[in-house]
Amino acid sequence: MSEDVSAAMSPARGVAFRGGGFLPAPRPLYSWLAFPVLLTLWQAALSFGWVSPVFLPAPTDIAVALWRLTVSGALWQNLSVSLLRIGFGWIIGSALGFVAGLAMGLSSRGRAVGMPLVSALYPIPKIALLPLLILWLGIGEAPKIATIAAGVFFPTAIAAFSGVDAVPRSLIRMAQSFDLPMAAILRKVVLPAALPSILAGCRISVSTALLLVVSAEMIGAEFGLGAFLLAEGNLSRPDELMAGVVVVSLLGLGFGALIGLAEKALLTWR
Amino acid sequence: MDLIVEVKRHAYDRLTVLEDVSLTVRGGEIVAVIGPSGCGKSTLLGIAGGILAPSAGSVRIEGAPPADCLNPLTYVFQDFALLPWRSVADNVAFPLEHHRLPRGERERRVMDALRRTGLADVAGVLPKQLSGGMRQRVGIARALVVRPAVLLMDEPLSALDAQTRELLIEDFLDLLLREQVAAIYVTHNFAEALRLADRIVVLSRRPGRIKDVVAIPLPQRERGAASAQAELAELGARLWSLIRDDASIAEREVADV
Ligand SMILES: Nc1ncnc2c1ncn2[C@@H]1O[C@H](COP(=O)(O)OP(=O)(O)OP(=O)(O)O)[C@@H](O)[C@H]1O
Ligand SMILES: [Mg+2]
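Sequence order for the protein chains is A and B. Reminder that position 186 of the first sequence reads as 185 in numbering that gives the first Met the number 0, one-by-one numbering, no gaps. Reminder that position 231 of the second sequence reads as 230 in numbering that gives the first Met the number 0, one-by-one numbering, no gaps.
FYI, nobody ran anything at the bench for these hints, they're computed from the structure. Hints may be right or wrong, so weigh each one.
[Claimed, not checked] Quick list of the computed label-pair ranges, beta carbon to beta carbon:
#1 A:164 with B:50: 12 to 22 Å
#2 A:21 with B:228: 32 to 42 Å
#3 B:99 with A:190: 36 to 46 Å
#4 A:268 with B:26: 52 to 62 Å
#5 B:36 with A:23: 54 to 64 Å
#6 A:182 with B:89: 15 to 25 Å
#7 A:190 with B:5: 51 to 61 Å
#8 B:119 with A:180: 44 to 54 Å
#9 B:89 with A:232: 36 to 46 Å
#10 A:119 with B:244: 50 to 60 Å
#11 A:23 with B:237: 27 to 37 Å
#12 A:164 with B:120: 31 to 41 Å
[What the hints assert, rightly or not] Straight-line distance between alpha carbons at most 30 Å, and here's what the computed DSS-like set of lysine-lysine pairs gives:
#13 A:263 with B:7
#14 A:187 with A:263
#15 B:127 with A:187
#16 B:7 with B:210
[To be verified] Examples of chain A residues lying across from chain B (beta carbon under 7 Å, computed):
#17 165
#18 169
#19 175
Every value quoted in this text rests on a predicted model; they were computed, and no experiment measured them. In this text, a Cβ means the ideal position worked out from N, Cα and C, and glycines have one as well.
The following block holds chain A by itself, in its conformation from the complex (with noise of 0.2 Å):
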């Protein structure tokens, strides 16, 4: 009855669509395109003159720069050794967060004492440390190797104490109700239940790692990659320099690549 009669008083209308936009959709060829694009327009901008090849080298410089330092040997020099400080500081780093992580994750005592000790710490600067680990490791790895490891430690921390907090309390009360040990408790329900969390840890941690490798070597080094990027600025070779902050971005984007191959192997079950 009653549509009927507002039916007779206004014409009909149809209904707008308004609910578009605000949603993310796959559009993989811009991921794809944006690289090229962006290439050539750098080589444009040489090739034409607009910039000097003295503040930007070409692309084409660069990957030219690129081939000359591998086959001299000079690239793997240094990359080598940043390589070993990275791994060195990282796993020392991670264990020692990964532990401290887990204290502060099941114990009340390990999350009191470790909360404001971490909240305190993880914002300093670690490269503000490279001094002072110096005067009390001497001049040599151990220092910038410390500094890599102080990085990577916090996040680790962090990551592994949130993973094990947020792991259902109902997951851990079963585990308990059939009679599991602790430590099986640890290692059966805690540690995959965490593992999650970890992983997204350790992407951070990796970057934290190479940064401060950079860094550090910029301050101090012989050879590696911060090291060569300093010497090469210094010389005035903007397209080896170019070459060297392309590995840089190389080794990031590697790092996060296994990382990445590690979640889709670990975490198929999410």
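Chain A is fixed; fit chain B with the ligands onto it per the hints.
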């Protein structure tokens, strides 16, 4: 085997949750516990199974559990509590892994539990691939695999939709009667309590005390019959009259946090 729960008092900090709640479950008996929300039902169940220590009171077992029983008091959880990284079969095997069993016994028990809960076809599947009802079946299979004497079930169906509940409750009943397992079954749902229980313990609002114990004389197998409905409806009305005022007050309560 009998389970005797005697809670004189239980409090979280200064909030008293249970007072003078005693409850005995004899072999094979199904006891439902109902009461307004927040009255301490989950707390009572936690105390009964030894994962909460009562502020004052005790829990005892009298008589021996079945010979092959590995965990006399076994929970079935409202949120299923499955390990999402383990397959169905591995979830069911979980409570056996830290026990020494004769060769092949573990696999035999797991297969047996899967078969009895209708999960044999999905043994290799991850929990995320299953519907809620199937997940709770895994929870049941994991409980059966240890051959429990008393199942402690905290609203095992309340995370499921109404139709799945209807299907599962019949399966629960079949299993409980066939295996002669006793159970404490906590629920908000009168129909579930009336379908399953030999006795229904009605708790008052917090601090929970036993307000009444309603026995259902009718055997479970006969409760589906049309002739039984009048009697069940009468019992349901009695439950509701016991609980209504408390429930309405509990529902308006503002949490003090
Ligand atoms: N760990 C805890 N710490 C403090 N208070 C708690 C804790 N667990 C439960 N409570 C409180 O104790 C009271 C009883 O909780 P309980 O979970 O036993 O009630 P319930 O009857 O199972 O409720 P529901 O029907 O909502 O499941 C509630 O008021 C709750 O907020
Ligand atoms: Mg509850």
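Against the structure, the hints:
1. A:164 with B:50: 12 to 22 Å: holds, 20 Å
2. A:21 with B:228: 32 to 42 Å: violated, 53 Å
3. B:99 with A:190: 36 to 46 Å: violated, 24 Å
4. A:268 with B:26: 52 to 62 Å: Once the Cβ atoms are compared, 39 Å apart, the range 52 to 62 Å for residue 26 of chain B and residue 268 of chain A is violated.
5. B:36 with A:23: 54 to 64 Å: Since the Cβ atoms of residue 36 of chain B and residue 23 of chain A sit about 39 Å apart, the hinted range of 54 to 64 Å is violated.
6. A:182 with B:89: 15 to 25 Å: Since the Cβ atoms of residue 182 of chain A and residue 89 of chain B sit about 19 Å apart, the hinted range of 15 to 25 Å holds.
7. A:190 with B:5: 51 to 61 Å: Violated, at about 38 Å.
8. B:119 with A:180: 44 to 54 Å: Check failed, 30 Å falls outside 44 to 54 Å.
9. B:89 with A:232: 36 to 46 Å: violated, 56 Å
10. A:119 with B:244: 50 to 60 Å: Given range 50 to 60 Å: holds, Cβ gap about 54 Å.
11. A:23 with B:237: 27 to 37 Å: violated, 56 Å
12. A:164 with B:120: 31 to 41 Å: holds, 37 Å
13. A:263 with B:7: Violated, at about 52 Å.
14. A:187 with A:263: Satisfied, since the Cα-Cα distance of roughly 20 Å is no more than 30 Å.
15. B:127 with A:187: holds, 18 Å
16. B:7 with B:210: The hint holds at about 15 Å.
17. 165: violated, 13 Å
18. 169: holds, 5 Å
19. 175: Where the cut-off is 7 Å and the nearest Cβ of chain B is about 6 Å from residue 175 of chain A, the hint holds.
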